[in-house]
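First to last, the protein sequences are chains B and L. For my numbering, count along the first sequence from 1 and bump the result up by 41. For my numbering, count along the second sequence from 1 and bump the result up by 273.
Worth flagging that the hints you see were computed from the coordinates, not collected in a lab. Hints should not be assumed to be uniformly reliable.
Stated by the list, open to error - Short, incomplete list of chain L residues facing chain B, as computed with Cβ under 7 Å: (1) 304; (2) 312; (3) 316; (4) 318.
Claimed, not checked - If you want the ones that stay clear, here's a sample from chain L, every Cβ over 10 Å from chain B, calculated: (5) 277; (6) 281; (7) 287; (8) 288; (9) 290; (10) 303; (11) 326; (12) 329; (13) 331; (14) 332; (15) 339; (16) 342; (17) 348; (18) 369; (19) 373; (20) 378.
Even glycine gets a Cβ: it sits at the ideal position worked out from N, Cα and C.
The primary structure of each chain is shown beneath.
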Amino acid sequence: DTGVSQDPRHKITKRGQNVTFRCDPISEHNRLYWYRQTLGQGPEFLTYFQNEAQLEKSRLLSDRFSAERPKGSFSTLEIQRTEQGDSAMYLCASSPPGANQPQHFGDGTRLSIL
Amino acid sequence: GQQLNQSPQSMFIQEGEDVSMNCTSSSIFNTWLWYKQDPGEGPVLLIALYKAGELTSNGRLTAQFGITRKDSFLNISASIPSDVGIYFCAVPTGNQFYFGTGTSLTVIP
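Bound-form chain B, shown alone (with noise of 0.2 Å):
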């Protein structure tokens, strides 16, 4: 299977840790897309990239957050400093190049915060 994957499936740690989680899109997809997701919620945007160039950004993201994707292929999301308002689920997504194309999403990575 050729799929969007993430890596790890799920991370429990202490407030105030860091947590690097990774995401491989589909190989021939250039764009990739990051959201949180929180119970009862649909998936709420949190960054974009085209190839390795990060072109959008959602107020969400704040200065604890930072998104790479050093070779436009995978991508990883950090989280500094946790606080318990991160945990969340964290969707990876990604889609081929072209307008509105649909988004291909992976398994998520469940962080909780304890």
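Dock chain L against chain B, hints included.
Leaving out everything else, chain L in the frame of chain B:
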């Protein structure tokens, strides 16, 4: 951000019944997407709509792009237990995608 209102919020139906749900907005969009999400998994694309008035089917699922471009509808015929999950509509705006709050479907065998 964009406000996508999904209705109903939740549904409890008997196996075999048909299901209808919708998504509305005050803004006009050129694309409407429908996703299904199972617990602990990411959303899976069901149907993509690109033209006002378009009616597209995927097996027992049929979705329509509203003629006003401000809404979309999803119908599921002859529901089965594996239809259980949360259904989201989504629209692209620039480089962002906005999702509705979802319709939770429970199918009673």
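- prompt: Are there hints from earlier that the structure breaks, and if so, what are their numbers?
  reply: 2, 5, 10, 18 and 19
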